[in-house]
Amino acid sequence: MKENDVKLQEILKARGIDMGLVKNAAEIEIPEAKDSTKKLMDIYYNLKVTADMEAAYWYDRVWWENDGDVIEVRRAKAVAASLAHMTPTILPYEKLVMNKTKNVRGAFPFPWVCASFFNAQAEALLQEVAAPAENEADSVSVVGDGGGNVTKSYGNVISLAKKFGMRREEIPILVKTAQKWKGISVEELSDKYSKMTPGYKQFKGIMDSVICMFDSFAIPQGREVINYYLPLQYGFDGILAMCDEKIAELMGNAEDDGDFGMSRGYYYAAMKEITKGLSAWCENYAQRAKYLESVEEDQQLKSNYKKIAEVMGNIAHNKPQNFWEAIQLTLCCHLGVVNEDPQSGLSIGRLGQVLQPFYEKDKEDGIMTDEEVIEILELYRIKITCIECFASAGVSGGVLSGNTFNNLSLGGQNYDGATAVTPLEYLIIEAGMRNKTPQPTLSILYDEKTPEDFLLKAASCTKLGLGYPAWMNNQTGMNFMLRNYGPEGMDLHDARAWCLGGCLESAPGCFLPLDYNGKMTMVPGGASPTCGTGVHFIALPKVLELVLTNGFDKRLETQVYPPHNQAIQTYEELIGLWKKYMELTTDVVNRCNNIQMDIWRKQNMPVVNSLLKPDCFKKGKHIGTMGARYNASINFESCGTITLVNALASIKKNVFDDKVFTLDEMVDGIVHNFGFKTAYETGVFSPDFRESTENSSTYEKIFAACVNAPKYGNADPYSDQIFKEYHYYMYDMTHRFTSYYGKPLYLCQISVSTHGPQGFVTLASADGRLAGTTYSDGSVSAAAGTDKNGIYAIFESANAYDHSMHQNAQLNLKLHPSAVRGVYGTRKLLEVVRAYMRKGGFHVQFNVVDSKTLRDAQENPASYRDLMVRVAGFTQYWCEIGKPIQDEVIYRTEYEKA
Amino acid sequence: MRHYDCKNYINLDCEKGMCALSKAIVFIDEEQQDPCAKFVLAEKCGVCKNFQSMDTQGIGQCIGFEKENWTYASCGASTCKGYMS
Numbered sequence: 001m002k003e004n005d006v007k008l009q010e011i012l013k014a015r016g017i018d019m020g021l022v023k024n025a026a027e028i029e030i031p032e033a034k035d036s037t038k039k040l041m042d043i044y045y046n047l048k049v050t051a052d053m054e055a056a057y058w059y060d061r062v063w064w065e066n067d068g069d070v071i072e073v074r075r076a077k078a079v080a081a082s083l084a085h086m087t088p089t090i091l092p093y094e095k096l097v098m099n100k101t102k103n104v105r106g107a108f109p110f111p112w113v114c115a116s117f118f119n120a121q122a123e124a125l126l127q128e129v130a131a132p133a134e135n136e137a138d139s140v141s142v143v144g145d146g147g148g149n150v151t152k153s154y155g156n157v158i159s160l161a162k163k164f165g166m167r168r169e170e171i172p173i174l175v176k177t178a179q180k181w182k183g184i185s186v187e188e189l190s191d192k193y194s195k196m197t198p199g200y201k202q203f204k205g206i207m208d209s210v211i212c213m214f215d216s217f218a219i220p221q222g223r224e225v226i227n228y229y230l231p232l233q234y235g236f237d238g239i240l241a242m243c244d245e246k247i248a249e250l251m252g253n254a255e256d257d258g259d260f261g262m263s264r265g266y267y268y269a270a271m272k273e274i275t276k277g278l279s280a281w282c283e284n285y286a287q288r289a290k291y292l293e294s295v296e297e298d299q300q301l302k303s304n305y306k307k308i309a310e311v312m313g314n315i316a317h318n319k320p321q322n323f324w325e326a327i328q329l330t331l332c333c334h335l336g337v338v339n340e341d342p343q344s345g346l347s348i349g350r351l352g353q354v355l356q357p358f359y360e361k362d363k364e365d366g367i368m369t370d371e372e373v374i375e376i377l378e379l380y381r382i383k384i385t386c387i388e389c390f391a392s393a394g395v396s397g398g399v400l401s402g403n404t405f406n407n408l409s410l411g412g413q414n415y416d417g418a419t420a421v422t423p424l425e426y427l428i429i430e431a432g433m434r435n436k437t438p439q440p441t442l443s444i445l446y447d448e449k450t451p452e453d454f455l456l457k458a459a460s461c462t463k464l465g466l467g468y469p470a471w472m473n474n475q476t477g478m479n480f481m482l483r484n485y486g487p488e489g490m491d492l493h494d495a496r497a498w499c500l501g502g503c504l505e506s507a508p509g510c511f512l513p514l515d516y517n518g519k520m521t522m523v524p525g526g527a528s529p530t531c532g533t534g535v536h537f538i539a540l541p542k543v544l545e546l547v548l549t550n551g552f553d554k555r556l557e558t559q560v561y562p563p564h565n566q567a568i569q570t571y572e573e574l575i576g577l578w579k580k581y582m583e584l585t586t587d588v589v590n591r592c593n594n595i596q597m598d599i600w601r602k603q604n605m606p607v608v609n610s611l612l613k614p615d616c617f618k619k620g621k622h623i624g625t626m627g628a629r630y631n632a633s634i635n636f637e638s639c640g641t642i643t644l645v646n647a648l649a650s651i652k653k654n655v656f657d658d659k660v661f662t663l664d665e666m667v668d669g670i671v672h673n674f675g676f677k678t679a680y681e682t683g684v685f686s687p688d689f690r691e692s693t694e695n696s697s698t699y700e701k702i703f704a705a706c707v708n709a710p711k712y713g714n715a716d717p718y719s720d721q722i723f724k725e726y727h728y729y730m731y732d733m734t735h736r737f738t739s740y741y742g743k744p745l746y747l748c749q750i751s752v753s754t755h756g757p758q759g760f761v762t763l764a765s766a767d768g769r770l771a772g773t774t775y776s777d778g779s780v781s782a783a784a785g786t787d788k789n790g791i792y793a794i795f796e797s798a799n800a801y802d803h804s805m806h807q808n809a810q811l812n813l814k815l816h817p818s819a820v821r822g823v824y825g826t827r828k829l830l831e832v833v834r835a836y837m838r839k840g841g842f843h844v845q846f847n848v849v850d851s852k853t854l855r856d857a858q859e860n861p862a863s864y865r866d867l868m869v870r871v872a873g874f875t876q877y878w879c880e881i882g883k884p885i886q887d888e889v890i891y892r893t894e895y896e897k898a
Numbered sequence: 001m002r003h004y005d006c007k008n009y010i011n012l013d014c015e016k017g018m019c020a021l022s023k024a025i026v027f028i029d030e031e032q033q034d035p036c037a038k039f040v041l042a043e044k045c046g047v048c049k050n051f052q053s054m055d056t057q058g059i060g061q062c063i064g065f066e067k068e069n070w071t072y073a074s075c076g077a078s079t080c081k082g083y084m085s
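Chains A and B are the protein sequences, given in the same order. With our numbering as the guide, the letters of the first sequence map in order to residues 1 to 898. With our numbering as the guide, the letters of the second sequence map in order to residues 1 to 85.
Here chain A stands alone, though its shape is the one from the complex (with noise of 0.2 Å):
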């Protein structure tokens, strides 16, 4: 017992109180789930991810059946025929209903977006043989191997990507699927004018060697916040009218408009049919809950699945009437717009807030209970929970995790610059603390104006371990709205209306007056395209080392980049040869990834989303031709930013300033990995793991002046310098370039999962990380044992700089959860916040959670299936964690102190 626990139980005693009963007191009490979520996690939990092909097939059907036909109709078409279409499941316990497809942790494959994969393993995939990887970002990305993740073949089932099983039979249906878009999918037609730029070479070397690791193509849509506004408002039979209206007005009506004015009338009769689509699906999902009805004897379920049959049936064409069906019909928006495309991170927003008119009514007449209400809210977690990605391997595992980002935020301010924080925002927290599920993550958009309260029952919920909520700084968040949309035309009302799509990439949004119950009401939601593609993820202490190594890549043995040829002799040059390169990095990509988008939007372009985001509805355009209010949302995507700021801290120290060695024996010494072995030689990533070969002796000094050399994360002015020096260079690189859109490149500093793919393709670095090891992970914290001052002296150097600079900052901490124990511990959690976010930090989030349970899971899988952990912006079961983002976890920093 520590020294101020005896003192206390000393206290107390005196005074005739058991300490045993205060400690028990201390901690909140939390009911357990509802037994209809026990039930519904313990299938969960046995669910393996499954591919399937009826909504693939239907897609593909109608297309060619409309081959011909507007290309926006067409598509319309054919993403409805794909959800109308598809098997209904409903389970037993459901009051939620609605899957991504007939699987309950279902996803199918999209080969008009991306076909060489299958095509190339066609082959293979009849033959039933291992298929080979897609790309080198494949080859070096680890799929977490437990919980539902087939990776392996067994039986009647075909592992694709690593992740998904598919029935055997369905493999011949996936090939004829695939073989039609040979050539024609956005992948291949977007790489056919990508070879027409002049630095294509450069760009397939910078993706060959990983400093790269992502196609924009890959997944076009996400990491943007929804908006449910129109059918809440409207109900779908609303729309069907609306654009019966627009399209008597405006097809063959160009107006004044001889550019784009006759598209108008195209677009509505597309979202004519695109809301015909997701009307019929919800309208199966009412036949079959009628089925089950009928064949159902146990009296409770039966009049589960006749609730179930009347709100699906009334959302197939009416505005909701109550809470259950206005969550339910966000929840088949949501479902519609992530079956449109391969997706990640299509954020659900700031939902409390969107739904409190309908809760609010509910209460007012008696018709649920906040119990009643928590139950559905708990279902929605397992709904949120159960939508996966289908995308290759090095996206699924090497940059995803598995996780699809579908982040809910609360908090902030409203319309008006009051509080947002509503009744039903405190539920929702409450079902996240009931039911412990991945997703949706929960997001506080912490502000000076948000309750005491509300933000105590958050960090209640930080403290259990679930890795959720995290922190935003929202003043923060709306000065970068401010400063990135302003030249848009975005004002304060709308700065206030932002939150977090995908795990932390903050994306625009407005207000919108719904009028219910009597009243309007300004709800928000997301008013942008994805805030999410561009130039992904940039592996930049890789760039480094291909500056000390002249630009040739010693792990593939191949000349990345044009030799410099420069004996450096100044840190400066060091510098100026890296954002030569990083410059060369970001034109040769960012080219390419507008080709990828532009084709994606002239023949894929979203029809749900565009149906739903405003101002495209009262535009006339899609997504694709800017209908959206916002578009200066695409960007860059770093990796690494800590390791990079202590290499180039430790060149300076021991090269440059101190001159303890010259830069050839440095970069010999990163060359032979300071005499270890390397991580793809010891299978292990984390940076603690040594282990010595024969020419340990060799690099000994070298190696410790590296580790020795100054680190981020301890206040340290030398090295805060260095970072500092880097957001603002990367400020104005990035805004140098533009994106399909015509916007300026901002940038992202997520980096989700890449820092352990990017990290193993990197050979040693100078601040003595060793090859293959996992990068830093975020874009603050702290390399993983190398802040020794405390975690006011991480806040300290995260804010050596602006963050509203960019579009995010992201700092992840890891609590022994001793530290926060009890009603204390709770408060303490909140103090660490809150100076966190006076300090102008963005972002903030922890994983308070034992190392020694993160080891005994990692050896002991089968014991910890429900075992969850923070990763980078994004919660994840353990189990279905690659190794080397387990590793990089498990040796996080872990404070024993808040």
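No lab work stands behind these hints: they were computed from the structure. Some hints could be false.
[Said to hold, decoys possible] Using 27 Å as the maximum straight-line C-alpha spacing, the simulated DSSO-like pairs for lysine-lysine come out as follows:
#, chain 1, residue 1, chain 2, residue 2
1, A, K39, B, K38
2, A, K38, B, K23
3, A, K743, A, K788
4, A, K883, A, K677
5, A, K290, B, K23
Please arrange chain B on chain A, whose structure you already have, making use of the hints.
Frame of chain A; chain B shown alone:
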């Protein structure tokens, strides 16, 4: 006779489902030991009267719509307007 081909089968994933009546987990490749009295044939393309000329991979022709097209036997058809039992 497979649970998988019954209308009371609820899809879970690539290897299993649930019987809507008994709530038991049943596996796709599992044959029913004794014919189930409550078995109801599920609507799938393979049992549709408009499905013809199936090949060895389960792919055949759908003639249930104005435009004839290919389809596959295991494709669900409970939501299909062209389905004929």
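A quick look at each hint next to the structure:
A hinted pair counts as satisfied when its Cα atoms are at most 27 Å apart, and K39 of chain A with K38 of chain B qualifies at roughly 25 Å. The suggested pairing of K38 of chain A with K23 of chain B holds, with an alpha-carbon distance near 15 Å, which does not exceed 27 Å. The straight-line distance between the Cα atoms of K743 of chain A and K788 of chain A is roughly 41 Å, outside the 27 Å bound, and the hint therefore fails. Between K883 of chain A and K677 of chain A the CA atoms are separated by roughly 18 Å; this keeps the pair inside 27 Å, and the hint holds.
This hinted pair checks out: K290 of chain A and K23 of chain B have alpha carbons roughly 17 Å apart, not beyond 27 Å.
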